[in-house]
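> Sequence:
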Amino acid sequence: MIHKLNPDETSYFCEQLATMLNAGMQLGDGLDILCEDLDDKRIRAVCDSLLDDLNNNETLAQAMKSSGVFPDYAVKMVKIGEVTGRLESVLNGLAEYYEDRAELNRTVRSAVLHPLMLLVMMTAVIVVLIVLVIPMFGDIFSQFDSSVNDTVQSAVSVAYGVGTVLLIVLLAVIVISLTVALLSRIPTVKHGLANFVAVFPPTMKMSRKFSLSKIADAISMMVSSGIAPDEALENAAMLIDDKKLAGKLIECREKVLAGEYFADVIAAAGIFPGMYARSLKIAYSSGSFDKAWKKLADKCGEAAMEAASGIVAFIEPAIVIVLTTVIGAILLTVMIPLMNIMSVLG
Numbered sequence: 067m068i069h070k071l072n073p074d075e076t077s078y079f080c081e082q083l084a085t086m087l088n089a090g091m092q093l094g095d096g097l098d099i100l101c102e103d104l105d106d107k108r109i110r111a112v113c114d115s116l117l118d119d120l121n122n123n124e125t126l127a128q129a130m131k132s133s134g135v136f137p138d139y140a141v142k143m144v145k146i147g148e149v150t151g152r153l154e155s156v157l158n159g160l161a162e163y164y165e166d167r168a169e170l171n172r173t174v175r176s177a178v179l180h181p182l183m184l185l186v187m188m189t190a191v192i193v194v195l196i197v198l199v200i201p202m203f204g205d206i207f208s209q210f211d212s213s214v215n216d217t218v219q220s221a222v223s224v225a226y227g228v229g230t231v232l233l234i235v236l237l238a239v240i241v242i243s244l245t246v247a248l249l250s251r252i253p254t255v256k257h258g259l260a261n262f263v264a265v266f267p268p269t270m271k272m273s274r275k276f277s278l279s280k281i282a283d284a285i286s287m288m289v290s291s292g293i294a295p296d297e298a299l300e301n302a303a304m305l306i307d308d309k310k311l312a313g314k315l316i317e318c319r320e321k322v323l324a325g326e327y328f329a330d331v332i333a334a335a336g337i338f339p340g341m342y343a344r345s346l347k348i349a350y351s352s353g354s355f356d357k358a359w360k361k362l363a364d365k366c367g368e369a370a371m372e373a374a375s376g377i378v379a380f381i382e383p384a385i386v387i388v389l390t391t392v393i394g395a396i397l398l399t400v401m402i403p404l405m406n407i408m409s410v411l412g
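One rule links them: number in my numbering = place in the sequence shown (from 1) + 66.
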């Protein structure tokens, strides 16, 4: 199975290729030098594959496609860069684009990993509670006479039952989470999960912000590389899993092809917040649209990261409050009878 390059690796390759072109080097010569200095066997294999194809007179886009490890979007953009004569600019834009994607991916992983680690820790506490603590209380109660033991033994049974149920639920959540994480490496499953997140009410708003960040980043990169507006809209649409947003981008492309003004079409579609859309219209009137798109991309990226951080800030305390409350209730279930017995004996 061919593993696609992750955003960090894609950004690295694009940056190195752009540096070679900027230095006036032939890509084949530059890759030859790059291959010699690489320690990572997988990355070196990709580099060797590109070098072999380039030496066989294939274009960079063809070599990237033949390797099977580069994202389809990167391959398509490189092909456009070769046709338009803006390859260096496109490669620089792709390097920055995938660097931003990598940062967003790290934020998402953090948003998922922290609560999962918290669940694992709480599961360990429940295991200790069931295996050691509750049986210890049972042994203590068994030392009293039968009338006392019968009275409080039901409390121990209830606490053990509640703890067992909670442990099963937590283990199920952890197993499901790990299974989803493993299956998400499969492209079709990953696409399906992204579609689900885009329509699931609790995650819909965050998903929309991530999609807007992808759109703004992509269009910013393409605009600065001289890509035509209709081409930029078409390419941006294929990057996102939000079908509604993708449909709006395609509609915008059709209107641009029909002769409507790019900035007016974007503003009328309601893809971005009104304030940002107005800024784009002003920027296009003043001729500074590339800077405006860059600023919009930065703003959307910040909004996406804040959304992910906000979910972590909500989930972690919620998990702590719920689980500590349940654990406390389990302990009180067996401690209160013991305290009553001790007070009577005292």
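Take the hints with a grain of salt, since some may be wrong.
What the hints assert, rightly or not - Simulated crosslink set (SDA-like; lysine to any residue; CA at most 25 Å straight-line):
id, residue 1, residue 2
1, K271, A168
2, K271, S176
3, K131, G151
4, K131, H257
5, K271, L170
6, K142, N121
7, K365, N171
8, K275, R251
9, K310, S345
10, K321, S352
11, K145, R108
12, K256, I316
13, K361, M401
14, K131, V141
15, K309, R251
16, K70, L259
17, K107, N122
18, K360, R274
19, K131, D114
20, K314, A329
21, K310, S352
22, K131, S176
23, K361, A395
24, K314, R251
25, K145, G90
26, K70, S250
27, K309, G90
28, K314, T269
29, K309, V265
As the list claims (entries may be wrong) - Cβ pair distances, simulated, as ranges:
id, residue 1, residue 2, range
30, T230, E372, 38 to 48 Å
31, A294, D74, 26 to 36 Å
32, I242, G94, 43 to 53 Å
33, E154, E102, 46 to 56 Å
34, G325, L259, 35 to 45 Å
Don't read these hints as lab results, they were simulated from the structure. All C-beta atoms, glycine included, are put in the ideal place defined by N, C-alpha and C.
> Now look at each hint and say whether the structure bears it out.
Hint-by-hint comparison with the structure:
{"no.": "1", "hint": "K271 with A168", "in the structure": "21 Å, holds"}
{"no.": "2", "hint": "K271 with S176", "in the structure": "18 Å, holds"}
{"no.": "3", "hint": "K131 with G151", "in the structure": "19 Å, holds"}
{"no.": "4", "hint": "K131 with H257", "in the structure": "21 Å, holds"}
{"no.": "5", "hint": "K271 with L170", "in the structure": "16 Å, holds"}
{"no.": "6", "hint": "K142 with N121", "in the structure": "21 Å, holds"}
{"no.": "7", "hint": "K365 with N171", "in the structure": "17 Å, holds"}
{"no.": "8", "hint": "K275 with R251", "in the structure": "22 Å, holds"}
{"no.": "9", "hint": "K310 with S345", "in the structure": "23 Å, holds"}
{"no.": "10", "hint": "K321 with S352", "in the structure": "22 Å, holds"}
{"no.": "11", "hint": "K145 with R108", "in the structure": "24 Å, holds"}
{"no.": "12", "hint": "K256 with I316", "in the structure": "23 Å, holds"}
{"no.": "13", "hint": "K361 with M401", "in the structure": "59 Å, violated"}
{"no.": "14", "hint": "K131 with V141", "in the structure": "6 Å, holds"}
{"no.": "15", "hint": "K309 with R251", "in the structure": "21 Å, holds"}
{"no.": "16", "hint": "K70 with L259", "in the structure": "18 Å, holds"}
{"no.": "17", "hint": "K107 with N122", "in the structure": "22 Å, holds"}
{"no.": "18", "hint": "K360 with R274", "in the structure": "19 Å, holds"}
{"no.": "19", "hint": "K131 with D114", "in the structure": "14 Å, holds"}
{"no.": "20", "hint": "K314 with A329", "in the structure": "14 Å, holds"}
{"no.": "21", "hint": "K310 with S352", "in the structure": "31 Å, violated"}
{"no.": "22", "hint": "K131 with S176", "in the structure": "31 Å, violated"}
{"no.": "23", "hint": "K361 with A395", "in the structure": "51 Å, violated"}
{"no.": "24", "hint": "K314 with R251", "in the structure": "28 Å, violated"}
{"no.": "25", "hint": "K145 with G90", "in the structure": "20 Å, holds"}
{"no.": "26", "hint": "K70 with S250", "in the structure": "13 Å, holds"}
{"no.": "27", "hint": "K309 with G90", "in the structure": "42 Å, violated"}
{"no.": "28", "hint": "K314 with T269", "in the structure": "20 Å, holds"}
{"no.": "29", "hint": "K309 with V265", "in the structure": "10 Å, holds"}
{"no.": "30", "hint": "T230 with E372: 38 to 48 Å", "in the structure": "39 Å, holds"}
{"no.": "31", "hint": "A294 with D74: 26 to 36 Å", "in the structure": "29 Å, holds"}
{"no.": "32", "hint": "I242 with G94: 43 to 53 Å", "in the structure": "48 Å, holds"}
{"no.": "33", "hint": "E154 with E102: 46 to 56 Å", "in the structure": "23 Å, violated"}
{"no.": "34", "hint": "G325 with L259: 35 to 45 Å", "in the structure": "39 Å, holds"}
Violated hints, listed in ascending order, are 13, 21, 22, 23, 24, 27, 33; each of the other numbered hints is respected by the structure.
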